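Participant: Sequence order for the protein chains is A and B. According to our numbering, the first sequence is numbered sequentially starting from 1. According to our numbering, the second sequence is numbered sequentially starting from 1.
Since the hints were made in silico from the structure, they are not lab data. As the structure is a computational prediction, the values presented were derived from the model and not from experiment. Ideal Cβ placement from N, Cα and C applies to all residues, glycine included. Check the hints yourself; a few may be wrong.
Simulated coverage check for chain B against chain A, where a stretch passes if three residues somewhere in it have a Cβ under 8 angstroms from a Cβ of chain A [as the list claims (entries may be wrong)]:
1. 118 to 125
2. 199 to 207
3. 251 to 261
4. 393 to 400
5. 403 to 416
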Amino acid sequence: MRRLRALEPLAWVGPAIVLIAVVVIWPVIEMVRSSFLEISRFGVVRGWAGFANYDELFAEKDFADIMVRSVIWVVAVVVLTVVVSLALAQLFNQRFPLRKVARWALIAPWAASVLMTAIIFKWMLDPEVGVINQIRLKLGLIDAMGGAAADQLGNASTAMPWLVFVAVFVSVPFTTYALLAGLATIPADVYEAAKMDGAGRFRTYWSITLPLLRPALTVAALINIMNVFNSFPIIWAMTHGQPGYSTATSTIFMYILKGSDIGESAAMSVINFGMVIVLTVIFLKVSRWNKEVA
Amino acid sequence: MNMKLVGGAALGLATVLALSSCGSGGSGGSGGDSQAAGDGTVTLKMVAADYGDGPGKPNSGETFWKGVVDQFQAANPNIKVDVQVINWNDIDKQVATMIQNGQAPDILQTGDYSGFVQDGLLHKVDEVLSPNVSGDLLQKFADFGKVDGTAYGIPFVSSARALFYNKDLFSKAGVAEPPKTWDELKAAAQKLKDAGVTQPFGLPLGQEEAQAESFLWMLGNGGGYKDASGKWTIDSPQNVETFTYLKGLVDAGLTTPNPGTKDRKTVWEDFGAGKVGMVNGGPMSIPIFDAAGLENYGIVPIPGKSGPLDTTLGVMDWIMAFNQNGHAAEIKKFFDFFYTGDAAQKISDTYKLLPVTNGGIEKLSGDEKLKPFLDALPNASFYPFQDQAWPAVSQAVKQTIGGAVEDDPAAVLGELQKTAESAAS
């Protein structure tokens with residue numbers, strides 16, 4: 001009887017463990033296994049491949065560029081998102097008329113499908129008829145519609161900033177709300193104490209708000225890092241990673257590889273998975289997430 | 001206390017059961033059995049590409065196939081056909097995933113069959129098609145359905161390409177005749193540009209169908225993906241010359257900007273909107289131009305380096321039967337129904353695709369707009385799609401050949417040649 005009672009907790013956590021095993025752990029094992037198999041383009045397993053898939057992957061001409069670009073992509077999008085969201089959260093934490101409406105409006109880019117948002121931006125950037133280019137034409141930034149100058153998504157150096165912009169645009173709402181929630185947990189008496197000690201606005205923000213916001217900030221940034229690294233629809237809908245592979249991140253590259261070599265694509269997934277873990281660990285180290293606020 | 005324990009255990013067990021039943025449904029090795037219902041009805045699972053403008057449009061693949069299937073099911077009440085329509089960009093990857101998971105369809109209609117032959121996944125054509133139907137197929141086309149002398153792929157529809165030019169823009173720019181040679185093409189494009197046309201020549205070398213546009217240009221200089229002996233020749237001197245010429249057009253601003261990022265659909269829509277002077281297109285682009293309201297255009301053979309092409313790109317799509325589920329008899333009924341009924345005719349009417357049977361071509365011979373294409377069909381050139389390496393080559397071409405008109409043509413084509421040779425080995 002006593003032994004049975006000792007097993008009781010297992011019955012309660014059991015379903016969750018099973019769920020995690022089936023939904024999280026099993027796919028990871030399957031992914032790693034696939035990366036060591038030779039699989040035909042049409043999905044038929046032809047046998048064990050050893051490290052051949054990895055060798056092929058590392059030998060891809062564009063592999064190094066793509067990995068570097070992926071890291072830049074993550075850093076750029078997450079940093080910009082956090083900076084913008086910090087400011088927005090501060091703003092939305094103030095009382096002002098119609099604050100409720102403004103807060104609701106912020107949800108829109110979050111609620112809309114990311115793919116839809118990306119396609120809409122692609123249309124707005126269309127060189128022949130896109131509204132952004134019509135505005136640029138009116139402002140005299142370009143001479144005419146339709147030419148290379150109006151085709152910002154056709155060139156990596158102008159396409160990348162737009163891709164980052166759209167990624168920030170869709171990430172900001174969630175991040176802002178996470179930070180708003182964090183701001184709400186900071187007790188008012190800390191601010192009063194700071195006021196009595198004669199701290200200015202900047203000093204208060206730097207020494208009180210930011211440190212107390214750190215738990216919310218850490219979680220928000222971490223979720224963003226993983227989301228952005230694995231982000232697929234924005235780049236795929238807007239550029240297909242083209243011209244060439246020059247706007248492709250490793251997630252896009254993985255998808256393209258899937259069309260010609262599933263094993264190599266799985267190898268790319270494994271590398272991707274490793275990258276996310278590495279980026280996360282680095283981030284947690286840097287942000288000293290488990291240290292108490294001094 | 002005990003009750004709690006039992007309840008918890010039961011919940012856990014139920015979860016495991018629910019999950020494992022999902023699992024077996026998903027891995028679907030048993031697909032064949034589970035589809036045969038008790039009353040002897042067989043369900044054929046079919047996957048087809050979408051020739052229309054996507055879900056919800058009146059010409060969507062769903063609508064088309066529903067019409068065919070309803071007719072078929074009325075005549076064959078004990079066979080159900082379950083059609084899943086997938087757009088061209090995703091169909092190959094989704095089918096690969098199905099096969100990897102052991103959920104191969106019974107019937108697949110898409111752009112290639114040859115990749116499935118090597119793995120022994122397909123029925124031979126004579127197992128699923130009556131002799132009187134296969135005898136009516138255009139011989140040259142049916143021959144391409146064979147691997148090592150045995151037919152596996154059944155030609156489904158075909159198309160050919162020609163040059164479309166906007167007559168209004170041509171007269172506005174003072175170009176009297178559509179170009180026949182590359183020099184004339186460049187001169188005409190320059191005049192169009194001077195007259196304010198933003199894209200004198202529409203050049204889609206982006207992801208969607210770069211392999212087609214590239215091939216049409218290669219043909220214009222006696223080049224191609226392979227030579228007559230079957231060797232890959234992507235970086236042949238002729239092809240390098242071709243892409244150097246194209247790069248000249250791009251550099252002079254006479255084409256779609258950044259061709260390597262443009263899909264044909266976008267460029268055809270731009271042509272329909274009157275923004276493009278000339279563009280290579282096929283019968284399937286006519287509905288797009290019509291929908292955009294463009295009426296005054298001409299169709300001529302594609303210009304080559306020193307004269308118009310005496311060949312063109314013939315593309316055929318395929319329909320094939322998978323042998324995993326053992327439904328050969330039912331598939332045969334469906335195929336025979338499809339090719340002998342008016343369904344093939346309906347495809348030509350709806351999508352302006354060309355038929356693959358002698359009977360079908362005869363029925364269409366009265367159509368003025370289709371005539372240039374029907375005439376070109378007998379002498380068409382085809383992709384080397386029976387080569388095992390072609391899928392990998394095509395994939396690489398789609399992604400990177402745009403670089404050949406922006407950077408160094410020889411280097412980009414050389415890289416593609418390497419892809420072809422390493423995929424072939």
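Participant: For every hint, state whether the structure bears it out.
Facilitator: Here is what the structure says about each hint:
| no. | hint | result |
| --- | --- | --- |
| 1 | 118 to 125 | holds (count 3) |
| 2 | 199 to 207 | holds (count 3) |
| 3 | 251 to 261 | holds (count 5) |
| 4 | 393 to 400 | holds (count 4) |
| 5 | 403 to 416 | holds (count 3) |
Of the numbered hints given earlier, the model fails none.
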